[in-house]
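Colleague: Spelled out, the chains give:
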Amino acid sequence: ETGVTQTPRHLVMGMTNKKSLKCEQHLGHNAMYWYKQSAKKPLELMFVYSLEERVENNSVPSRFSPECPNSSHLFLHLHTLQPEDSALYLCASSQASWGGQGANGYTFGSGTRLTVV
Amino acid sequence: DAKTTQPNSMESNEEEPVHLPCNHSTISGTDYIHWYRQLPSQGPEYVIHGLTSNVNNRMASLAIAEDRKSSTLILHRATLRDAAVYYCILRAAYSGAGSYQLTFGKGTKLSVIP
Chain A
1 ETGVTQTPRH LVMGMTNKKS LKCEQHLGHN AMYWYKQSAK KPLELMFVYS
51 LEERVENNSV PSRFSPECPN SSHLFLHLHT LQPEDSALYL CASSQASWGG
101 QGANGYTFGS GTRLTVV
Chain B
118 DAKTTQPNSM ESNEEEPVHL PCNHSTISGT DYIHWYRQLP SQGPEYVIHG
168 LTSNVNNRMA SLAIAEDRKS STLILHRATL RDAAVYYCIL RAAYSGAGSY
218 QLTFGKGTKL SVIP
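Chains as they are written, first to last, in the working numbering: chain A, 1 to 117; chain B, 118 to 231.
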């Protein structure tokens, strides 16, 4: 375990379903991230939360809806997904400090393997 | 984030040292050099980072060229568990738009031969 826990590890859902991915960290970090990794493509940043406020949304379709109720938990709510949304969804956390991010490493979870049928 | 260039793949014999190169000719003076690796079926794992001086930790060493336009990740004795994709990433030190981005490229796939 890395300190970032993602559940479930695997998820199969139909295109009309609604599901949620959960991420939890107890590292004392105050920034959390959702990444998408499709087959044979680089990781793509989806959303960033810093101090529980969304600070970046990289043109992600509205069928993906993030939620960060506190600095330890992050959710990704899914509805009416498409088969091309099948991918590995990764959560990460880091310590967001005043003055910049460059010196801070990210801790990733093991991901949720999502299959949309 | 500025662009990095890495070889697509490399091979190493087990228990031999491995030098993974990264070119970043457009690096700015405030960019940190980060390395991550991703083992099969897992999320990326932080390996090491540095700014100007060479860095060592329990996992690896990072050698940074004097002009900072290239760096090398050094695994001192490769094991089968080191087989992974290794990513070299530049991170801006300052706050501001995009400063939260950790932009992954394709990385170098390292194979370790028993």
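Hints are computed from structural coordinates only; laboratory data are not their basis.
Be careful, since some hints might not be right.
From the structure, some residues in chain B lie toward chain A, with a derived Cβ separation under 8 Å [as the list claims (entries may be wrong)]:
id	residue
1	160
2	161
3	163
4	166
5	222
6	226
Straight line, CA to CA, 27 Å or less: simulated DSS-like cross-link-like pairs of lysine-lysine [to be verified]:
id	chain 1	residue 1	chain 2	residue 2
7	A	18	B	223
8	B	226	A	41
9	A	40	B	226
10	B	120	A	40
11	B	186	A	41
12	B	226	A	19
13	A	41	A	22
14	B	120	B	186
15	A	41	A	18
16	B	223	B	120
17	B	186	B	226
18	B	226	B	120
19	A	40	A	22
20	B	186	B	223
21	A	19	A	40
22	A	19	A	41
23	A	41	B	120
Some chain A residues near chain B, calculated using beta-carbon distances under 10 Å [stated by the list, open to error]:
id	residue
24	18
25	22
26	42
27	61
28	85
29	88
30	94
31	107
32	108
Positions of the beta carbon are idealized from the N, C-alpha and C atoms, including for glycine.
Colleague: Does the structure break any of the earlier hints, and which numbers would those be?
Modeller: Checked against the structure, the hints that fail are numbers 6, 7, 12, 24, 25, 27 and 28, while the rest are satisfied.
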